[in-house]
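So the sequence shown is numbered by the numbering used here: it starts at 448 and just counts up by one.
Hints may be right or wrong, so weigh each one.
Listed next, with one range per pair, are the computed distances between beta-carbon atoms [what the hints assert, rightly or not]:
1. 576 - 556: 20 to 26 Å
2. 493 - 518: 23 to 29 Å
3. 624 - 558: 32 to 38 Å
4. 668 - 468: 35 to 41 Å
5. 653 - 629: 21 to 27 Å
6. 463 - 627: 22 to 28 Å
7. 655 - 493: 23 to 29 Å
8. 463 - 549: 14 to 20 Å
9. 654 - 577: 27 to 33 Å
10. 567 - 466: 27 to 33 Å
11. 568 - 624: 16 to 22 Å
Derived by calculation from the structure, the hints in this document are not laboratory data. Please read all numbers here as calculations on a predicted model, not as lab measurements. Note that beta-carbon positions come from the ideal geometry of N, C-alpha and C, so glycine has one too.
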Amino acid sequence: MTGRDPDAQARRLASESLAAGDSTGWFERLYAAAAAGEATVPWSRGEPNRFLVEWTERLDRTPRRRRDGHDQRAIVVGCGFGDDAEHIAGLGFDTTAFDVAPGAVRAARQRFPDSAVHYGTADLLNLPAEWRHAFDLVVESLTVQSLPPPLHRQAIEAVAGLAAPGGTLLVIAAAREEGEQVEGPPWPLTPAEIDAFAADGLNPVQMERLADGPRWRVEFQRP
448 MTGRDPDAQA RRLASESLAA GDSTGWFERL YAAAAAGEAT VPWSRGEPNR FLVEWTERLD
508 RTPRRRRDGH DQRAIVVGCG FGDDAEHIAG LGFDTTAFDV APGAVRAARQ RFPDSAVHYG
568 TADLLNLPAE WRHAFDLVVE SLTVQSLPPP LHRQAIEAVA GLAAPGGTLL VIAAAREEGE
628 QVEGPPWPLT PAEIDAFAAD GLNPVQMERL ADGPRWRVEF QRP
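Using the sequences and the hints, build the whole thing.
Shown next, in the form of structure tokens:
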């Protein structure tokens, strides 16, 4: 395994991709390099995000049955190697998880060959129409911040649009102040960007500014 700085590697690949006019192509290059043992995916820890685990434990997110008798549906945005998706599926949700990088989806399926999660490749900026307002739980952890700031609003609208009536959206992201300049990726989210998740009719339920990072953990719900 490479001893190079994984964040520096990601920034180099992102810079090359953005210079070529491709805002997301660097993800597949990163996962391909990781599969070859030439890079480390900097946001992967080999376990579910601890802020997600904390949230599910604290709020007892055991899903209820829908009126039609089926399990509640969840979707994990930018699933990477699948740890968060497996955690959510383990709570009983009928879970869909997607990533723009085919290499990430392939690796998730290899890591969890008997998984009940529906893994697939999809572009957050061009999601299937049938996913709109279709999920009882939407988990967005660290994905929007991996895109350059000019794409944040479009990505935020896409994420918010996944939550069904009565559904919940959980956002976990690094935080920065308005006007604060950063060299990404990642490009942490500002307070205004967090507020933008509510533009599609979602209501903020709990907003936490965690000292670790610092980062956001924010829960929204659609009436």
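Results for each hint:
1. 576 - 556: 20 to 26 Å: holds (25 Å)
2. 493 - 518: 23 to 29 Å: holds (27 Å)
3. 624 - 558: 32 to 38 Å: holds (37 Å)
4. 668 - 468: 35 to 41 Å: 37 Å Cβ-Cβ, so the 35 to 41 Å window holds.
5. 653 - 629: 21 to 27 Å: holds (26 Å)
6. 463 - 627: 22 to 28 Å: holds (25 Å)
7. 655 - 493: 23 to 29 Å: At 25 Å between Cβs, range holds.
8. 463 - 549: 14 to 20 Å: Check passed, 19 Å falls within 14 to 20 Å.
9. 654 - 577: 27 to 33 Å: Given range 27 to 33 Å: holds, Cβ gap about 30 Å.
10. 567 - 466: 27 to 33 Å: holds (29 Å)
11. 568 - 624: 16 to 22 Å: violated (35 Å)
Checked against the numbered hints above, the structure violates only hint 11.
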